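Novice: Input sequences plus hints: build the corresponding full structure.
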Amino acid sequence: MKNMFRSFLRSEEGFILSTEAVLIGTITVLGLIVGLAEIRNNVVQELGDYSQAVAQLSQDYSFSSVSDTNVPSAIFSYGSVFSDTIDTQSAVATDANGITVTTAPANDSE
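Its first residue numbered 86, the sequence shown is counted upward by one per residue in my numbering.
Just so you know, the hints here were simulated from the structure itself, not pulled from any lab data. Predicted model only: the values in this text are computed from it and were never measured. Please note that the accuracy of each hint is not assured.
[What the hints assert, rightly or not] Label pairs and their computed distance ranges (CB to CB):
#	residue 1	residue 2	range
1	Val-119	Phe-93	57 to 63 Å
2	Gly-133	Thr-111	39 to 45 Å
3	Asn-127	Arg-91	51 to 57 Å
4	Thr-113	Gln-141	39 to 45 Å
5	Val-128	Thr-104	32 to 38 Å
6	Val-128	Glu-105	45 to 51 Å
7	Gln-141	Ile-112	43 to 49 Å
8	Arg-91	Glu-123	47 to 53 Å
9	Lys-87	Leu-108	30 to 36 Å
Glycine included, each C-beta is placed from N, C-alpha and C at the ideal position.
Specialist: Next up, the structure:
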């Protein structure tokens, strides 16, 4: 038993693998954080689009009838339409979660 414990302490076979596991784990966690933050931003954007669509809903209708003087009349109520547009960022500056992104003007003289 003593010899097995000594050989375990002197062995360095698993050192590289544990370092690789730490690096892979760190990169994985960083990737998950960035990915989940991007998913959060896109879900919030789509929920904003959905709320705008619901805000523009209208319960319009139409009903045709005949008046007392036998002149046809109609009551109109028009439907609602929502068209989703591509969400674009301005080229000059964009505020996203408190981060301002600015772009430098293109220098074509080179």
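Novice: Evaluate each hint against the coordinates.
Specialist: Hint check:
Take Val-119 and Phe-93: their Cβ atoms lie about 39 Å apart, and the range 57 to 63 Å is violated. In this structure the hint that Gly-133 and Thr-111 lie 39 to 45 Å apart at CB is violated, the actual value being about 34 Å. Between Asn-127 and Arg-91 the beta carbons are some 56 Å apart, a value that agrees with the proposed interval 51 to 57 Å. At roughly 42 Å, the beta-carbon separation of Thr-113 and Gln-141 lies within the given 39 to 45 Å, and the hint holds.
The beta-carbon spacing between Val-128 and Thr-104, approximately 36 Å, falls within the hinted interval of 32 to 38 Å. The given range of 45 to 51 Å is broken by Val-128 and Glu-105, whose C-beta atoms sit roughly 34 Å from each other. Taking the beta carbon of each, Gln-141 and Ile-112 are about 44 Å apart, inside 43 to 49 Å as hinted. Separation of Arg-91 from Glu-123 is about 51 Å and conforms to the stated range, judged on CB atoms against 47 to 53 Å.
Separation of Lys-87 from Leu-108 is about 34 Å and conforms to the stated range, judged on CB atoms against 30 to 36 Å.
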